Amino acid sequence: MNDNPLWSLFSLFVVLSLLSVGGANAAIPEMHRVAVDVMGWMSDSQFADMFAIAQMSPGPNVIIVALIGFHVAGLAGAGVAIAAMCGPTCVLAFAVSRTWDRFKGARWRMALQAGLVPVSLGLIGASAFVLARAADHNGYAFLITAATVAVALATRINPLWVFLAGAGLGYAGLV
Amino acid sequence: MVAAMPDSPAPSEPAASQSFRPPLAALFRAFLGVSLSGFGGALPWARRMIVERKRWMTTEEFNETFALSQFLPGPNTVNFAVVFGARFGGAAGAVLAFLGLMVPPLTIVTGLAFLYERYGDIATLSHVLAGVAAAAAGLMVTLVLKMAGPLFLKRWNSAPVVAILAFIGVAVMHYPLPYVFLVLAPVSVALAWFRV
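The listed protein sequences derive, respectively, from chains P and C. The numbering used here puts the first residue of the first sequence at 4, with every later residue one more than the last. The numbering used here puts the first residue of the second sequence at 4, with every later residue one more than the last.
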């Protein structure tokens, strides 16, 4: 049972579904740890490629899960990965949406909301670190990352232009 | 990347209210439109469609639903679609909003995955992707810096300590996420309990 790749995908993402506080991006380090280090499904740079493809595609960021699933086990893998990642959290969201308004102003609700923010910040910070380390395999790549941070902090530029610039520098053979 | 959004068909669209329920087909079509225009995160587009175009919700209602979908675990946009769909159309509404949001991007990304598996080894393509990956990592770093600002600059509180511990546990020590979460989340919520 354990060597079935579909089962491995399912058990990874079904757990991540309920632990990714702060969105799919908070779960990137764990996906990376399991997919690259534990299971050996792909290399560091393949993982960075998939994140790049998911970011360039329209739609929610969670679709990186479908890319990982497809890489491991084709169409069935993509379907299992997405269903496992979205299933538990969708059921929870549905259940909570029916009762949440009733507890407006309750102390435990405010504590829960405030308490999870720093956890999710730390997890998304770890994502940024893992992605930068996977993508910045030479000095030029590091410069692209650093320049992107500077430009995105200083301007309100559409991210599409940043990706195009990165693609152009990559095409020129710098990365 | 910016697909046309389905424009509101009826000029007599009522203003947002608790009793108003958009038809299920309209709910599905609305999220279908959001899914493909959602480059760089779908939520700004969802806001434009729901609050400004269709007027299904007021700004306050949208902000509260948005905050809830941020707080719930899992993909934020998916949560938003489910919460929104459930509110206006029950279980059927939640399912239709989810499908509208996910089916078009999944179709596209599956096509891209197929191309990547076939042509990913070509040197030029891998160079281009490496350039984009470096830029994408930079955007993620930016997001973290913007999120950290208000939390770290506030008067002394436990939030930075929790955030840094979560970062070290996952990024430096490579502990599995479930362990880090199960240790830090209860502590952080307990600390918040005495603050709120």
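It is worth saying that the hints were derived from the structure and are not from the lab. Quantities reported herein were computed from a predicted structural model and do not represent experimental measurements. From the three backbone atoms N, C-alpha and C, an ideal C-beta is built for every residue, glycine too. Incorrect hints may appear among the rest.
Unchecked claim - Listed next, the stretches of chain P that the computed footprint assigns to chain C, with coverage defined by at least 3 CB atoms under 8 angstroms from CB atoms of chain C:
{"hint": "1", "region": "17 to 24"}
{"hint": "2", "region": "47 to 53"}
{"hint": "3", "region": "63 to 76"}
{"hint": "4", "region": "93 to 102"}
{"hint": "5", "region": "108 to 119"}
{"hint": "6", "region": "131 to 142"}
{"hint": "7", "region": "164 to 171"}
query: Counting residues of the region 131 to 142 of chain P with a beta carbon closer than 8 angstroms to any beta carbon of chain C, are there 3 or more?
result: holds (count 9)
message: Taking beta carbons only, do three or more residues of the region 17 to 24 of chain P come closer than 8 angstroms to chain C?
response: holds (count 7)
- prompt: Are at least 3 residues of the region 63 to 76 of chain P within less than 8 angstroms of chain C when you compare beta carbons?
  reply: holds (count 8)
query: Taking 8 angstroms as the C-beta cutoff, is the stated coverage of the region 93 to 102 of chain P by chain C satisfied by three or more residues?
result: holds (count 7)
- prompt: Are there three or more residues in the region 108 to 119 of chain P whose C-beta lies closer than 8 angstroms to some C-beta of chain C?
  reply: holds (count 9)
- prompt: Do three or more residues of the region 47 to 53 of chain P come closer than 8 angstroms to chain C, measuring C-beta to C-beta?
  reply: holds (count 5)
- prompt: For the region 164 to 171 of chain P, do at least 3 residues have a Cβ located nearer than 8 angstroms to some Cβ of chain C?
  reply: holds (count 6)
The earlier numbered hints are all upheld by this structure, with none contradicted.
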